[in-house]
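So that you can map any letter, position 194 of the sequence shown is 194 in my numbering, and since no number is skipped, the others follow by simple counting.
Quick caveat, the hints were computed from the structure, so don't treat them as lab data. Idealized CB from N, CA, C, for every residue including glycine. Incorrect hints may have been included.
[Unchecked claim] Label pairs and their calculated CB-CB ranges:
| hint | residue 1 | residue 2 | range |
| --- | --- | --- | --- |
| 1 | Phe83 | Trp103 | 13 to 23 Å |
| 2 | Lys102 | Ser129 | 41 to 51 Å |
| 3 | Leu63 | Gln86 | 21 to 31 Å |
| 4 | Lys197 | Ala100 | 35 to 45 Å |
| 5 | Gln104 | Leu33 | 29 to 39 Å |
| 6 | His161 | Phe38 | 19 to 29 Å |
| 7 | Ala210 | Gly93 | 43 to 53 Å |
| 8 | Ala210 | Lys25 | 36 to 46 Å |
| 9 | Met164 | Arg77 | 39 to 49 Å |
| 10 | Glu202 | Lys41 | 40 to 50 Å |
| 11 | Glu203 | Trp151 | 19 to 29 Å |
| 12 | Met88 | Leu213 | 36 to 46 Å |
[Claimed, not checked] Below, simulated SDA-like cross-link-like pairs (lysine to any residue); rule was C-alpha separation at most 20 Å, straight line:
| hint | residue 1 | residue 2 |
| --- | --- | --- |
| 13 | Lys41 | Trp90 |
| 14 | Lys197 | Glu214 |
| 15 | Lys179 | Asp189 |
| 16 | Lys169 | Asn139 |
| 17 | Lys119 | Tyr148 |
| 18 | Lys169 | Val122 |
| 19 | Lys102 | Asn91 |
| 20 | Lys147 | Glu125 |
| 21 | Lys117 | Arg155 |
| 22 | Lys126 | Ser141 |
| 23 | Lys119 | Leu156 |
| 24 | Lys222 | Ala190 |
| 25 | Lys197 | Ser159 |
| 26 | Lys218 | Pro136 |
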Amino acid sequence: MINMRWQNLKDHKTRHWLHGRAWFKIGHIEWVLGHASFGTKIAWPGYDDEAVEIMFGCGLFALYSSWGRCRQYKAQREIAIDFHNQAMWWNLGAHEDGEAHKWQRGSFHPLRFLFGKQKVAVVWEKTLSDLCVPMPEANYSCTVELKYMQWKRPRLLWSSHRGMYADVKIPNGVPIPGKGESSWDCGEDAIFALHSKARTAEEGIGNVVASALESREKHGGKNWKPELVESDK
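Please take these sequences and the hints and turn them into a complete structure.
Right, here's the structure in full:
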């Protein structure tokens, strides 16, 4: 007998087929379309006391499933091969909480092997103080560090990446609601710093405002407001 229920994990009500989860009497399966993961894994037991957990990703979609129940605690083992962060990662039956031989668990970075480990350098930087993050309820004092950064490998004649970035630091924080996923993050939270790609201080501060407003609407609703605050400016 099949006992099935499912959950839409997308915010959009009519696009449940993009990311969802279905439960059966003996396990569950989760799907994500448009997912960039590439690899496969089988683990026993699973992370949530399931007897076995299986993952498959091909760069276009990903499937996650777990089946059965583990009746007693056992150190997890897995057989997996994944491709991410420009490297290949493997685990060939090593215990999750134990030591393993190099052949059992490790990674191979082709670009690092050929051209050396990538290093980041700050070519130019400037600090701007006495600025503020303008939010609907108040202004929050902040400082902005503008940096021109580049990433380069020792055996490459050119840098692999370069650009302007802004580190915005807000001592008193910009209030946002907690995610509400656990008992410890149900209250009010705050953004105290944000690193983002930005050519000017204004653009960096704008990224903070956008991030805060997005978090407020997503986790607190469109009408969410922080507790009574006084403007720093």
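Check your understanding: Gln104 and Leu33, beta-carbon distance inside 29 to 39 Å?
Key -> About 33 Å separates the Cβ atoms of Gln104 and Leu33, which means 29 to 39 Å holds.
Review point. Is the gap between the beta carbons of Met88 and Leu213 within 36 to 46 Å?
Key: Taking Cβ atoms as reference, Met88 and Leu213 lie about 39 Å apart, which means the hint holds.
Review point. Are the Cα positions of Lys218 and Pro136 separated by 20 Å at most?
Key: Given that 20 Å is the threshold and the Cα spacing comes to 17 Å, the pair holds.
Exercise for review: Using the beta carbons of His161 and Phe38, state whether their distance is inside 19 to 29 Å or not.
Suggested key: holds, 22 Å
Check your understanding: Regarding Met164 and Arg77, is the given constraint of 39 to 49 Å on their beta-carbon distance met?
Key -> Holds, at about 46 Å.
**Study point:** Supplied distance hint 36 to 46 Å, evaluated on CB atoms of Ala210 and Lys25
**Key:** For Ala210 and Lys25 the Cβ distance comes to about 44 Å; the hint holds.
Review point. Under the criterion that the straight-line Cα-Cα distance not exceed 20 Å, is the pair Lys117, Arg155 satisfied?
Key: holds, 9 Å
Check your understanding: Under the criterion that the straight-line Cα-Cα distance not exceed 20 Å, is the pair Lys197, Glu214 satisfied?
Key -> holds, 18 Å
Exercise for review: Given the hint that Lys197 pairs with Ser159, test it: the Cα-Cα distance must not exceed 20 Å.
Suggested key: Status holds; Cα separation ~17 Å.
Exercise for review: Decide if the proposed pair is consistent with the structure: Lys102 and Asn91, CA atoms, cutoff 20 Å inclusive.
Suggested key: Judged against 20 Å, a Cα distance of about 10 Å means the pair holds.
Practice item. For the pair supplied as a hint, Lys222 and Ala190, confirm whether the alpha-carbon distance does not exceed 20 Å. Key: holds, 17 Å
Review point. Under the criterion that the straight-line Cα-Cα distance not exceed 20 Å, is the pair Lys41, Trp90 satisfied?
Key: Holds. Lys41 to Trp90 sits at ~9 Å (cutoff 20 Å).
The structure is consistent with each of the numbered hints, conforming to all of them.
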